[in-house]
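The chain contents come next:
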Amino acid sequence: MNTMKEMQTLKNKAQNKDASVRITGSEAIVKCLLEENVKTVYGYPGGAIMPLYDEFYKYQDKIHHVLTRHEQGATHAAQGYARISGDVGVAIATSGPGATNLITGIADAQIDSTPLVCITGQVPSHLLGSDAFQETDIVGISTPVTKWNHQITKASEIPEVLAKAFYIAKSGRPGPVLIDITKDAQFEEFDFNYEKCKGIRSYKPVPKTDENSLVEAAKLINEAKKPLIVWGQGVILGKAEKEFKAVIEKAGIPSAWTILGVSAIPTSHPLNVGMVGMHGNYAPNVLTNECDVLIAIGMRFDDRVTGNLATYAKQAKIVHFEIDPAEVDKNVKTDVAVLGDAKDSLEKLLPLLKENTHIEWYEKFKDLYKIEFEKVIKKDLYPTKEGLTMGEVLKEINTQTKGQAAIVSDVGQHQMVACRYAEFNQTKSNITSGGLGTMGFGLPAAIGAKMAAPEREVISICGDGGYQMTIQELGTIFQQKVAVKVVVLNNDFLGMVRQWQQLFFDKRYASTEMVNPDFVAIAKGYYLNAKRVTKREELAGAVAEMVASKEPYFLEVCVEKEDNVFPMIPSGATVSDIRLA
Amino acid sequence: MDKEIKHFTVSIYTENNIGLLNRISAIFQRRHINVESLNTSISEIEGVSRFTLVVDITEDQMKKIIGQLERQVEVIKAYYHTDEETIYQISAMFKIKSDLLFEERQIQNIIKESNARIVTVNKEFFVLEKSGRKQEIDLLYRELSAFGIMQFVRSGRIAVTKNQMEISKMLEAFQH
Numbered sequence: 116m117n118t119m120k121e122m123q124t125l126k127n128k129a130q131n132k133d134a135s136v137r138i139t140g141s142e143a144i145v146k147c148l149l150e151e152n153v154k155t156v157y158g159y160p161g162g163a164i165m166p167l168y169d170e171f172y173k174y175q176d177k178i179h180h181v182l183t184r185h186e187q188g189a190t191h192a193a194q195g196y197a198r199i200s201g202d203v204g205v206a207i208a209t210s211g212p213g214a215t216n217l218i219t220g221i222a223d224a225q226i227d228s229t230p231l232v233c234i235t236g237q238v239p240s241h242l243l244g245s246d247a248f249q250e251t252d253i254v255g256i257s258t259p260v261t262k263w264n265h266q267i268t269k270a271s272e273i274p275e276v277l278a279k280a281f282y283i284a285k286s287g288r289p290g291p292v293l294i295d296i297t298k299d300a301q302f303e304e305f306d307f308n309y310e311k312c313k314g315i316r317s318y319k320p321v322p323k324t325d326e327n328s329l330v331e332a333a334k335l336i337n338e339a340k341k342p343l344i345v346w347g348q349g350v351i352l353g354k355a356e357k358e359f360k361a362v363i364e365k366a367g368i369p370s371a372w373t374i375l376g377v378s379a380i381p382t383s384h385p386l387n388v389g390m391v392g393m394h395g396n397y398a399p400n401v402l403t404n405e406c407d408v409l410i411a412i413g414m415r416f417d418d419r420v421t422g423n424l425a426t427y428a429k430q431a432k433i434v435h436f437e438i439d440p441a442e443v444d445k446n447v448k449t450d451v452a453v454l455g456d457a458k459d460s461l462e463k464l465l466p467l468l469k470e471n472t473h474i475e476w477y478e479k480f481k482d483l484y485k486i487e488f489e490k491v492i493k494k495d496l497y498p499t500k501e502g503l504t505m506g507e508v509l510k511e512i513n514t515q516t517k518g519q520a521a522i523v524s525d526v527g528q529h530q531m532v533a534c535r536y537a538e539f540n541q542t543k544s545n546i547t548s549g550g551l552g553t554m555g556f557g558l559p560a561a562i563g564a565k566m567a568a569p570e571r572e573v574i575s576i577c578g579d580g581g582y583q584m585t586i587q588e589l590g591t592i593f594q595q596k597v598a599v600k601v602v603v604l605n606n607d608f609l610g611m612v613r614q615w616q617q618l619f620f621d622k623r624y625a626s627t628e629m630v631n632p633d634f635v636a637i638a639k640g641y642y643l644n645a646k647r648v649t650k651r652e653e654l655a656g657a658v659a660e661m662v663a664s665k666e667p668y669f670l671e672v673c674v675e676k677e678d679n680v681f682p683m684i685p686s687g688a689t690v691s692d693i694r695l696a
Numbered sequence: 214m215d216k217e218i219k220h221f222t223v224s225i226y227t228e229n230n231i232g233l234l235n236r237i238s239a240i241f242q243r244r245h246i247n248v249e250s251l252n253t254s255i256s257e258i259e260g261v262s263r264f265t266l267v268v269d270i271t272e273d274q275m276k277k278i279i280g281q282l283e284r285q286v287e288v289i290k291a292y293y294h295t296d297e298e299t300i301y302q303i304s305a306m307f308k309i310k311s312d313l314l315f316e317e318r319q320i321q322n323i324i325k326e327s328n329a330r331i332v333t334v335n336k337e338f339f340v341l342e343k344s345g346r347k348q349e350i351d352l353l354y355r356e357l358s359a360f361g362i363m364q365f366v367r368s369g370r371i372a373v374t375k376n377q378m379e380i381s382k383m384l385e386a387f388q389h
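Those protein sequences? They're chains A and B, same order as listed.
Read left to right, the first sequence gives residues 116 to 696 (the working numbering).
Read left to right, the second sequence gives residues 214 to 389 (the working numbering).
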């Protein structure tokens, strides 16, 4: 018996050996990427990563390497790619400054749970720790902002470590992984053989759902008179859109979203009651402090969502559906936590729910919406003043794209306006930097999104501040002919900071006024079609031209300089103390 | 209740990988928490490392940190315990001039009474080793410092729990 087994093992080993090929570490990296079905990577070459770039040259018909103009752009492009497709985004950089330039994008991906694999070159292993040219301890630097990271000094480690990297990045709560590979490991030859990672003993990506917690959750939801659902990106990352819709429709529960959760269901869905948080809608914020059961699904009670925790939904029982056990009770104490993957949990929850409508309660949302409409939305979308508003630009884009566009926003006032007013009919359509609030995210992320979903209309909405943080990526758009549409809402200010200065610092506008260049001339310098709009009557025509364009297109809209974004919950205030002006 | 600062022993079972110490200490550092003591060693399970840390924080903070620790890919399981729930020890070494051993009779009494062990003696110095609770080591330190200590070092706390930890069963479950 034993001999039989041994013989089988030997036979397997022999077969595996046959399957292996002798190649260099750098070729192995490319083969690993191909095994993981990676078709596009974003990066920037340099000394310590040159052996890998030599392989990209040889494999250019199989893998598309996109040269960005800065490594930060590579990470954001990879993020945009990941967010619209649900696949792992890949960014490549050399050692030293190349690697440190990735950090902002990695930190952004960590806090927004975006699956990324970043590969950095490193100085040869015999020079590690010697302050060699372009040496930096990128594993040390990236530790607090990665889900996992690892340094490879031997070619033979490459297949197993990269297989783990992809597995970790995309499983459970996704996140960024960084793999640092010394130059000698890239040159070294070894017998390559690839096996996908199927599990790691110390890592449980999805916690087991406790059936009792589901029963308890269902009981609270069924007994609720004034339930409110707040959903986040967990619904999208868990591919649970269908199950989520079925749950809210069966139980008839008004549902509000965080900025990373929007687009999981169509904006026009009657049970969609808008956005929660600092610049969210009036009704869901006010009624957070009136609901009797608050059901959080795939969200993490960020401080921008909750305002002052001491006065957040204190009257309500809290039910939290969550994949990451560390998020439960982190900010808001739950009464029932349902751990697990959103798709699975919601599927199991559905049969436990009673069919219901909460008409009176739902009417309250409608009534408060009317107040918000009169005091805020009407002025934003149907302005009567001379200056253009950011809101009316979004409305025009909604109309002309029939709500089918993916909107990639940057960070600031325009981001809040874009999230509030963009209409979505498809999931994974709102790509923005939520947790980290990374200015400069919008333009490169839109490049990645458009390349991952070329069939979709991808519109990047930026402010004049954030746009200039990664403006050099226009070069990437031009070189790669990425038919992304770029809209800059220009108010010649760092508008969100200016708004805070106006409201909380007695209008002392310290370093927020921008003296801007000719953005149209810059876009034209990159040979892009470009237009500037300064008057209302030009807007519809320009948006039509942009949407009709099969090529990349740049549109600058000069908007009112000192408009504010409302509603607003001042930092540290209670959600129900939301201001309409 | 939750605001009360307590003395916790944290036991973290991990894979034995480079960089994990950095990852674990970063979790305390980003919350501005000082680690009072730290020890790393092998554990009762082959190939599994064990970190033992001591921190003074609230139980609420402690629970959140356990969550953050267990979220790390290479952390298998993390536990926290109060002093009452553990059997704990620390160890210390004192290097002292050999002359004193013969010239100061009191030193011999101190060594006897403290249950300290003489590790080595040579012409110039002798080395005392003392294991026990921190207070016992502190007392010995005070008593010996009157005569002059050439070198002193104290280890991090090591602790075993009175109750069983479920770690072995968890790993077995993974193998099957």
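Just so you know, these hints were derived from the structure itself, not from any lab.
Computed from a predicted model, the values in this text were never measured in an experiment.
Built from N, CA and C at the ideal position, the CB exists for glycine as well.
Worth double-checking, as some hints may not be accurate.
List time: in silico EDC-like cross-link candidates among lysine to aspartate or glutamate, alpha-carbon distance up to 20 Å [said to hold, decoys possible]:
hint, chain 1, residue 1, chain 2, residue 2
1, A, Lys429, B, Glu228
2, A, Lys279, B, Asp273
3, B, Lys277, A, Glu475
4, A, Lys365, A, Glu475
5, A, Lys313, B, Asp273
6, A, Lys445, B, Glu283
7, A, Lys319, B, Glu228
8, B, Lys276, A, Glu275
9, A, Lys285, B, Glu385
10, A, Lys311, B, Asp273
11, A, Lys448, B, Glu379
Partial list, derived from the structure: chain A residues whose beta carbon lies under 10 Å from chain B [what the hints assert, rightly or not]:
hint, residue
12, Thr261
13, Lys279
14, Arg288
15, Val292
16, Lys311
17, Ser317
18, Val321
19, Leu386
20, Glu442
21, Phe593
22, Gln594
23, Lys596
24, Ala598
25, Glu652
Hints, one by one, checked against the model:
no.	hint	result
1	A/Lys429 x B/Glu228	41 Å, violated
2	A/Lys279 x B/Asp273	33 Å, violated
3	B/Lys277 x A/Glu475	39 Å, violated
4	A/Lys365 x A/Glu475	17 Å, holds
5	A/Lys313 x B/Asp273	35 Å, violated
6	A/Lys445 x B/Glu283	14 Å, holds
7	A/Lys319 x B/Glu228	14 Å, holds
8	B/Lys276 x A/Glu275	33 Å, violated
9	A/Lys285 x B/Glu385	26 Å, violated
10	A/Lys311 x B/Asp273	39 Å, violated
11	A/Lys448 x B/Glu379	26 Å, violated
12	Thr261	9 Å, holds
13	Lys279	8 Å, holds
14	Arg288	8 Å, holds
15	Val292	9 Å, holds
16	Lys311	17 Å, violated
17	Ser317	4 Å, holds
18	Val321	13 Å, violated
19	Leu386	32 Å, violated
20	Glu442	8 Å, holds
21	Phe593	39 Å, violated
22	Gln594	37 Å, violated
23	Lys596	39 Å, violated
24	Ala598	38 Å, violated
25	Glu652	52 Å, violated
Comparing the model with each earlier hint shows violations of hints 1, 2, 3, 5, 8, 9, 10, 11, 16, 18, 19, 21, 22, 23, 24, 25; every other hint is respected.
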